[in-house]
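Student: These are the residues of each chain, in order.
Number of protein chains: 2
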Amino acid sequence: MKTITLKQIAEELNISVTTVSKALKDYPDVSKKTRQRVLDLAKDLNYIPNSFAVSLRMQQSKTIGVIVPATVHHFFSNVIKGILKEAEKKDYLVILLHSNENYELEKKQVDLLISKGVDGILISLSNKTNNFEHLQKIIDHDIPLVLFDKIAKTVKCSKVIVDDRKAAYDVVSHLIKKGHRRIAHFRGDLNPQNSIDRFLGYKQALLDHDIDFDPTLVYMCNNNSDFEDGYSNAEKLLKDHGKTIDAIFTITDVIAIGIIKYFTDHNIKIPEDIALFGFSNWFMASVISPALSSVEQHGYEMGEKSAHIVFQEIDSKHNDMPIEPQIVVLPTELIIRDSC
Amino acid sequence: MKTITLKQIAEELNISVTTVSKALKDYPDVSKKTRQRVLDLAKDLNYIPNSFAVSLRMQQSKTIGVIVPATVHHFFSNVIKGILKEAEKKDYLVILLHSNENYELEKKQVDLLISKGVDGILISLSNKTNNFEHLQKIIDHDIPLVLFDKIAKTVKCSKVIVDDRKAAYDVVSHLIKKGHRRIAHFRGDLNPQNSIDRFLGYKQALLDHDIDFDPTLVYMCNNNSDFEDGYSNAEKLLKDHGKTIDAIFTITDVIAIGIIKYFTDHNIKIPEDIALFGFSNWFMASVISPALSSVEQHGYEMGEKSAHIVFQEIDSKHNDMPIEPQIVVLPTELIIRDSC
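Protein chains in written order, with full-length UniProt numbering: chain A, 1 to 340; chain B, 1 to 340.
None of these hints come from the bench; they were simulated from the model.
Do not take every clue at face value.
Between beta-carbon pairs, the in silico distance windows are [claimed, not checked]:
#1 B:P322 with A:H318: 41 to 51 Å
#2 B:P28 with A:Q136: 48 to 58 Å
#3 A:Y27 with B:S232: 53 to 63 Å
Yeah, the Cβ is synthetic: ideal placement off N, Cα and C, and Gly gets one too.
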């Protein structure tokens, strides 16, 4: 027997799925007449109300899939912790995959998760992902999808992010208020939205404070998590600009720690000679000398929220309720320490 | 029809399972006579050789379960990376769970994984686990089990560890050779085998170098990953012993970093006043000031090896070959930096 869905009833009666659902659940905000029409048609079509559809629901795998770009990464470790905690509450299991910042691998892993029949998927995109067909495939398979942190703006699904642009804007405004004007930016790769947004926030803050944007002060770190990238770019920066630079704002704390290492090796004082501001508030930011100012991104909460949304959507789907993609922007905080 | 196993054939003929397997595969080191006896019985019993048993093998879930005590942990992040890499090669998926150092949760998660029908399980035990019935349950369900890093000696399964005792012995011997004699140990919790072994290695090195073991120099850190535990114990140590201490050997780098913070705040010079040696070689050990000497535990290789063994055992099981538990001891390395 073909399963009758709320959607079919809604279409037949030319009303919304939400109204059908509410009518079946006897919500007071549905008119008596509409309610009767829904109940009659449901009866005619042999619709099985969800309270009796437990056995159908058992077809759920009670498993979600999670793809992160890297596991050896303080921020993503925190996100994973938040996801596992939330999954635990719902008795869900989590299949973890890492794309290793590799688009092809990410695509393959999406296929694996779809073939495995997971109930929902959470992804933080690899830096190399600039084609989103694999994400569309998830949506086409009617599997709830939540993107977090590194997202694709154009894909129609729920997203959990921090306002990277505002956070970067706040950092650079703070540095300007402290009297710095020649502020370099060690930016991330060109693809990721968060790398773009942090760069745009940096630029906007300069312009809003009447400081000309100087593209020669922007250095590219291809691997945000590579301490060496910070070290070698610090060397380049000094070669290019000497000590005319007042401050550096980096895409991640790891890059900033590479700079600290270079400056320590070359007797450049932080913050006296050059101030420093990181991003992500890794554990080591608080313990390194000088302690590093950074942006707290609340990875744990991001994981928790992303999982929460995917479970909501899984529930909606199984209750034949429509899924409305949500965009959640989590607050960030500037953590001011000795480096600036 | 009941499936005939190699074990039944072996028992019937009173020879080993390995011999039966080799006979069926036409290995040259099985006598002609034995080979014929095996083939005849296999035919009589309607044994399905494995080359035809592909459909049976399809019952595999192609999924393994992994339980770690924590995810926000540099060492375990590396282990997870190694496991994911190895699983990828074999087209296996990994269900990740964290026990949060909680025995009850670990037990519940084992039940979940068993009920889920995973093909194999990898566990690093929580610090609070001192009853191993849940591990025995896995073995009784005939599911390949590999314990890594934090293991239970008495459980009959494969194990991947580092020689914690030897590593600790080497650390303390190194400190003694550098002229230190009053060496404190900030140890871990009482349950975990690695905490016990590092303590025993410390003690043995003292004794072998004719230094009396002084129990008042041993401080307990209940949470190895809690930087505050290092900070507060450093305070206690100085209150108890003043600056009579030459060096401190800590159960983990995080504890050592807590000590560095306390010493920096109180103007105690490392290594001039007190030398310091950590364990695990976290990323930050190399970037903190002073750079911290530590023991490299090769977490990535541990994950890779553990997964490799579980896949071997899954294969053996599906080929009706006996599983011989292995104990793999991975080498460690002393990484000498500025702190000693």
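Student: State for each hint whether it applies.
Tutor: Hints versus structure:
no.	hint	in the structure
1	B:P322 with A:H318: 41 to 51 Å	44 Å, holds
2	B:P28 with A:Q136: 48 to 58 Å	55 Å, holds
3	A:Y27 with B:S232: 53 to 63 Å	56 Å, holds
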